[in-house]
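Peer 1: So the protein lines, in turn, are chains A and B. For the first sequence, the working numbering assigns the number 234 to the last residue and increments by one with no breaks. For the second sequence, the working numbering assigns the number 362 to the last residue and increments by one with no breaks.
Hints are supplied without guarantee of correctness; some may be wrong.
[As the list claims (entries may be wrong)] List of simulated lysine-lysine pairs, BS3-like, C-alpha gap at most 25 angstroms:
#1 Lys255/B - Lys167/A
#2 Lys193/A - Lys106/A
#3 Lys255/B - Lys193/A
#4 Lys193/A - Lys123/B
[To be verified] Rough simulated footprint, nothing fancy, chain A against chain B, three-plus residues with beta-carbon under 8 angstroms:
#5 122-132
#6 195-201
#7 255-267
#8 311-324
#9 349-360
[Said to hold, decoys possible] Sample of chain A residues facing chain B (criterion: CB under 7 angstroms; computed from the structure):
#10 Ile104
#11 Ser108
#12 Thr125
#13 Gly137
#14 Tyr184
#15 Ala185
#16 Cys187
#17 Gly188
#18 Gly207
#19 Pro208
#20 Ala210
It is worth saying that the hints were derived from the structure and are not from the lab. Since this is a predicted model, take the numbers as computed values, not measurements. The C-beta atom is built at its ideal place from N, Cα and C for all residues, glycine as well.
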Amino acid sequence: MKRINTLLIEKQLGGLKAGDEVLLSGIVYTARDQAHKRLAEAIKKRSSLPIDLKGAFIYYCGPTATPRGKVIGSCGPTTSFRMDEFTPVLLKVGLRGMIGKGRRSKEVCRQIKKYKAVYFLTYAGCGALLSKYVVKAEPIAYKELGPEAVYKLEVKDFPLIVGVDSQGRSVYD
Amino acid sequence: MRRITASWIRDLVAQLCLKANFTLRGDVITQLKSAYIREKGKRTKDILAAIMDNSAIARRENLAICQDTGMPCVFIEIGQEVIIKGDLKKAVNKGIEDGYKKGCLRSSVVRDPLLRGKPVYGPAVIHIDIVRGDKLKIIVLPKGFGCENKSRLRMFNPTIEINAIKEFIIETVKMAGPEACPPYIIGVGIGGTADYATFLAKKALLKKIANSPLRKLSNPIKKLEQELMAEINKLNIGPMGLGGKSTVIGVNIETYPTHIAGLPVAVNISCHALRSATGII
Ligand code: SF4
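Based on the sequences and whatever the hints tell you, model everything.
Peer 2: In structure tokens, the structure reads:
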């Protein structure tokens with residue numbers, strides 16, 4: 062199976078095709094509904110962002126609380142299409158990788174192609190299993206949102222399937 | 082009369098939250114295993130294996146099966162010979178809070194549906210029924226919203242053909258597509274009123290999934306369940322929506338008498354992480 066790293070994404074994303082299975086290592090940021098709303102608003106107002114989105118990976122995930130002795134709690138993907146209205150703005154400022162579950166809108170697929178980004182799927186409803194691929198986790202922004210805060214995660218060999226490739230092709234078409 | 086103290090209820094609810102979120106139901110595991118055997122494609126098998134691995138890790142390490150530990154739904158049957166000392170609903174909600182805190186389960190409920198705000202643990206959606214006897218039965222069903230968002234209700238004409246009802250149910254699954262974490266378990270409520278049909282659809286998810294060969298069934302509702310299952314599994318949605326024969330691993334129907342002028346049908350979809358736990362005091 063192909064291994065990719067978030068540090069080398071600009072080089073590696075172009076070679077991926079919808080349906081490919083890959084293992085991801087590096088840094089990803091969690092963000093779901095409320096964090097997306099806030100990020101998009103901040104971009105529109107040109108105010109500073111709590112994370113650097115240039116070349117960034119976002120994981121649509123709101124983990125459980127972290128049990129004692131563990132790096133993170135259960136942390137599977139949430140439904141991606143709820144972020145669709147915010148995704149184009151984020152892509153424009155540099156977002157390159159997204160991880161979630163389910164389909165994306167036609168418009169998001171077009172924008173993914175335009176910005177040469179990639180949307181990945183991961184095992185849905187498998188938060189306990191996926192926690193094993195997270196080596197470090199810390200909340201870094203919007204902490205007042207609780208599970209909807211932005212966490213910085215370091216992942217190792219996180220299992221993914223390419224959902225929409227940088228040509229805008231979807232595995233669901 | 083039998084006295085039951087509210088604090089026992091609180092403790093039981095807390096335990097049930099942990100059990101439901103850490104231990105996948107036996108009937109669900111059985112159906113996942115047969116889906117694994119049925120499927121031929123490598124990727125489909127891999128996904129089903131990941132789902133089963135996930136439930137084993139959750140059980141072994143006391144981790145939530147899914148990070149969406151749901152809106153807690155609590156079904157209570159109170160024997161009519163029971164006297165409850167203390168505040169029942171308060172005890173249930175305190176129990177939810179205790180259990181969710183202890184298990185590091187996620188706070189996924191906002192107090193105000195419009196203003197939203199920081200998520201908290203409860204309140205639960207509580208359904209209370211009074212039955213015969215001197216026992217108190219509690220079922221906790223943490224319902225994730227990836228699948229709850231796909232619920233549908235239709236008020237059919239009373240003269241409608243059964244095929245149109247089937248089509249409505251199949252269409253609901255089609256609309257859910259890959260988003261609600263297939264393989265699914267489908268809860269269907271037929272009859273009653275609009276509100277009662279949606280309640281029945283949810284309640285149907287509490288029933289044990291039992292798949293038996295169609296030809297052996299004489300009960301028309303059981304037959305309908307199996308026919309729906311066979312037809313939905315031709316949709317090729319499959320695990321994670323990436324294709325396969327296992328779009329659903331169970332269809333459960335609950336019915337109730339209804340009015341001469343109507344035929345309410347509600348569908349409540351559950352993801353493969355169908356979690357519920359039962360306790361009796
Ligand atoms: S639909 Fe079910 S399995 Fe999927 S994220 Fe929600 S609760 Fe988890």
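Peer 1: State for each hint whether it applies.
Peer 2: Now the hints, each set against the structure:
no.	hint	verdict
1	Lys255/B - Lys167/A	holds, 18 angstroms
2	Lys193/A - Lys106/A	violated, 38 angstroms
3	Lys255/B - Lys193/A	violated, 32 angstroms
4	Lys193/A - Lys123/B	holds, 22 angstroms
5	122-132	holds (count 4)
6	195-201	holds (count 3)
7	255-267	holds (count 5)
8	311-324	holds (count 3)
9	349-360	holds (count 3)
10	Ile104	violated, 21 angstroms
11	Ser108	violated, 21 angstroms
12	Thr125	holds, 4 angstroms
13	Gly137	holds, 5 angstroms
14	Tyr184	holds, 5 angstroms
15	Ala185	holds, 4 angstroms
16	Cys187	holds, 4 angstroms
17	Gly188	holds, 4 angstroms
18	Gly207	holds, 5 angstroms
19	Pro208	holds, 5 angstroms
20	Ala210	violated, 10 angstroms
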